[in-house]
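Taken in order, these protein sequences are the chains called Y and C.
If you count the first sequence from 1, position 6 lands on 6 in the UniProt record's numbering, and the numbers rise without skipping.
If you count the second sequence from 1, position 69 lands on 69 in the UniProt record's numbering, and the numbers rise without skipping.
These are computed hints drawn from the structure, not numbers from a lab.
No residue lacks a Cβ here, since even glycine has one placed at the ideal position from N, Cα and C.
One thing to keep in mind: the hints can contain errors.
[Unchecked claim] DEER-style ranges, computed between Cβ atoms: (1) Y:Glu78 to C:Asp315: 18 to 26 Å; (2) Y:Ala17 to C:Asn184: 33 to 41 Å; (3) Y:Glu37 to C:Asn184: 53 to 61 Å.
[Said to hold, decoys possible] List of simulated lysine-lysine pairs, DSBU-like, C-alpha gap at most 35 Å: (4) Y:Lys62 to C:Lys334; (5) Y:Lys62 to C:Lys357; (6) C:Lys334 to Y:Lys72.
[Stated by the list, open to error] Residues on chain C that point at chain Y, a partial pick, calculated with CB under 10 Å: (7) Arg49; (8) Gly120; (9) Lys136; (10) Thr150; (11) Gly152; (12) Thr306; (13) Ile308; (14) Val460.
Residue-level listing of the chains:
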Amino acid sequence: MRHTISVLVENKFGVLARIAGLFSGRGYNIESLSVGETIDPQISIMTIVTTGDDRVIEQITKQLNRLVDVIKVVDLTEIDHVEREMVLIKIAPRKENRLEVLKTVEIFRGRVVDSGPTTYTIEVTGDEKKIQAFIELMKPFGIKEFVRTGKVAIPREISQRK
Amino acid sequence: MAKMKGAEILIECLKREGVKHIFGYPGGVILDIFDLLYDDPDIKLILTRHEQGATHAADGYARVSGKPGVVLVTSGPGATNTVTGIATAYMDSVPLVIFTGQVPTFLIGNDAFQEADIVGITRPCTKYNILVKDVKDLAKQIREAFYIATTGRPGPVLVDLPKDVTQGKAEFIWPETVHIRSYNPTYEGNIYMIKKAAQEIAKAKKPVIIAGGGCIISEAHEHLKELAEMTQIPVANTLMGLGSFPRTHELSLGMLGMHGTYYANMAVQNSDLIIAIGMRFDDRVTGKTDAFAPQAKIIHIDIDPTSIRKNVRVDIPIVGDVSRVLQVLNKILKEEIKPQWEEVRKAWLKQINQWKKEKPLTYEFDPEVIKPQYVIEKIYEITKGDAIITTEVGQNQMWAAQFYKFDKPRRFVTSGGLGTMGYGFPAAIGAQLAFPQMTVIDIAGDGSIQMNIQELATAVVYDLPVKVAILNNSYLGMVRQWQELFYNERYSHTYLSTAPDFVKVAEAYGAVGLRATKPSEVEPVIKEALSIRKPVFMDFVVDWKEKVYPMVPPGAPIDQMILEEKKKERKLKAVK
C-alpha cells in the first residue's frame, strides 16, 4: 500500500543523503520526496511517499526513527491530512487551441505564470489525481516540458485517526 | 579565555572522556594531532601497521573493556582503510569513535590530494557521522560523538576533521551535559508488556531463552542467570551472546543456529515460548524464517525497535535496555507469580536432557592427525576457561564457539554480523592492551591470519603477548566445506597452495613460532606458548578434511541438521 510519511529532521547538511541512503540501502522505494524548512530554521520537514506492505512500512518508520537526526516520524496515511502537489507545465498550443487551454486552466484553478509568443507556462496545484488529469488533458495540445514538486502533506487541524 | 588550537581541543576532549589509548596511523592532514600526542603523558597512541588493524584493535579493546575504542587516521586512503573495521563494529553494536583527517574545508570537493568523502562513504555503516566545519563546534561535536557511540544501541561514530579545523583556534567550552533533541533511546520497558511477558512465562510448558550480544553489552548476565534459574528455563546463546550465560551451567544449550548444537536447535524449534533477549534473529540463527519455531509465542526484548519484527513475527515486543527490563521482569515473576517452577518444567527439561544425551557436540579423535576441535578443547583445558578468545572467521570461529566453554561475558570476541576475516588478530591486540595480565588467544585459520598478519609488528613493538592458534588446513575451510556439500566438490579457489611458513614469519617479526603436526604435540605447544611472555604463532597442521557439524543447510529449518560425515570414508576429489 501507498503511504505518505512526514519526517521532521534537523536542518543540517547530509541529512537528506542519510534518509535517501536509508531507503536505497535497504531496498525501499521512494516515489516522491520533498523537503523544506519549517518555521524553526533549524528544523526541516520532509514528505516522503513510499509503498510497501505493513511489515515494510513498520520497518521504514522504525528505521527513520532510529536515525540520530530524525526528530519525529508520522505516517499521515493513518490520520486525516491535506496533501498537495504542484506542477509547472509548459505547452505550445496551436493558435486555434489557445482559448481552450486557458479555459481548462480555469476549470482546474490553475494560473498562467509565463507566456511567450508560442507558449504558456501553467501552474496547477492539487492532489495527485488532479495533477495527473490536468497533464492528460494538456497532452493533445503539445506539452514541451513539465516539472512536478512531489507531494507535501500536513495533518488536518482536527485530525482523527482513521 | 585563551584560545586553543583545534588539535588541542580534541586532545582535551579525549582526556575528559577518559581515553587512555588511541589506535592509529599518521598522515599529512592529521599531523597537528599526532604532533601533540608526541609528548602527551596521558594518552598512548598505538601505531598499527594498517588502518584496518587499528579499527579492529579499537573494536577488540571496546568489546572486552566496555569502553569506547578510539581510532585516529589521516584522510583519503587512511580513512577508507578503516571502513571494513567500522562496518564490523556497526554490525556487532560496538562503541567506536573514529577520527579521520580531512583536507582543508576550502579544498573539500576539489579532488584534492588524499581527499575522500568519508562521511558519505561511511554513512550506511556508522551509527552517526559528521564533518566538523567550524573549530568552534569541535568540542560539542566530539562530546556528542562519544555520547551517541556509547548510549542506546552502541555503534561506531565517525568524526571527520578538516586540516583547517585542527589548526584553527577557538575557546574551549566543554558541554557538561549532552542533549540531542532527536536522539532519545528508550531504556525502560513498557510495564504492561513486561507483565504480559511474565504471564506467558508462567503459562509456558516448553519455553526457551535465546540470549544475544545485547545481554553482554548491557551487563545483564546476572539478571539473565537469575531469570533462567528461577524459572528453570534452558538458555541458548547466539554467537554474539556466548558468555552471557555460563556454558557449563546445566541449563545451558550452547549456541543455536546454523552451527548450533543439536539440542539447542531442537529445543528452540519445539518450544512453545521463546524469550529473545538482546538478539536480532539473524538469518544464521533462524534458518528458514517461516519455518522457525512454528508453535512458539515470541517475547522479544531489545533496545533497538528496528530489531523487533524485522525477521520474525513477535507476540510481545519490549523495547528497552535488557538489563533494566530483566530486573523488572524478575521482580514480577518472584513477587507476583511464584508457581512451582520445578514441577512445571520437569517434562520439558527431561526432553532436553534426552536430546543432549542423544546427540552431544562431538568429533572423532584421531591419534595420527590433529583434529581442529581437539586443539580448541586443549586450549580450553589448559587455560581453564580463563582467557579472552578472539577468532577470525570461518571454521576456526565456529569450532571456537562450539568447543570453548565460555562462562563469563566479554571473553569471546568475534565478528558475528559482518563475518570479517582478518578481524581476530588485531582485535586480540586491542583486548590484550585493555587487559595486559590476561591470556589472550586468537583462534585463526591460515586464510584469515594472512589478512592482517602485518599486525604482528604491533604486538611485538608494544610487547603484547597475544597468542595465535592457527588451525592450518591449507584451505579456506568453511568455503571448502560449502563446496564439498553443495557444489559437488568443485574447490574453486579455496586451496591456498602457498601459505608462508608461519613459524618463520613469527621469527622474522621478532615473535616466537611453534608448530604441531601430531596430536601428541598439541598440548606441549600450547603450554610452551602460554609460558612465553611474547607474541607467539602456534601453527597447528590439522586435518584438512574436517568439517563443522552440526550444520543447517542454507534455507532449511534449524532442526534439519547435517550431523556427521557419512560412515564410509569419503574420497575427496583432488584440487585442480
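Hints versus structure:
1. Checked against the hint of 18 to 26 Å, the C-beta distance between Y:Glu78 and C:Asp315 comes to roughly 22 Å, which is consistent with it.
2. A C-beta distance of roughly 23 Å is found between Y:Ala17 and C:Asn184, which places it outside the suggested range of 33 to 41 Å.
3. Taking the beta carbon of each, Y:Glu37 and C:Asn184 are about 23 Å apart, not inside 53 to 61 Å as hinted.
4. Proposed proximity of Y:Lys62 and C:Lys334 is supported: the alpha carbons are some 33 Å apart, at most 35 Å.
5. Restraint check for Y:Lys62 and C:Lys357: the C-alpha separation of about 43 Å exceeds 35 Å, so the hint is violated.
6. Distance restraint check for C:Lys334 and Y:Lys72: the Cα-Cα separation of roughly 38 Å exceeds the 35 Å cut-off, and the hinted pair is therefore not satisfied.
7. Of the supplied interface hints, the one on C:Arg49 is violated, with its beta-carbon coming no nearer than about 31 Å to a beta-carbon of chain Y, more than 10 Å.
8. Interface hint status for C:Gly120: upheld, as the beta-carbon distance to the closest one in chain Y is roughly 7 Å, under 10 Å.
9. Using the Cβ-Cβ criterion of 10 Å, the hint placing C:Lys136 at the interface with chain Y is not satisfied: the shortest such distance is roughly 16 Å.
10. Interface hint status for C:Thr150: violated, as the beta-carbon distance to the closest one in chain Y is roughly 13 Å, over 10 Å.
11. Nearest Cβ of chain Y to the Cβ of C:Gly152: about 9 Å, under the 10 Å cut. The hint holds.
12. Look at C:Thr306: its Cβ gets to within about 4 Å of chain Y, closer than 10 Å, so that hint holds up.
13. Because the beta carbon of C:Ile308 sits about 8 Å from the nearest beta carbon in chain Y, less than 10 Å, this interface hint is met.
14. Interface hint at C:Val460: violated, since its Cβ lies 40 Å from the closest Cβ of chain Y, which is beyond the 10 Å cut-off.
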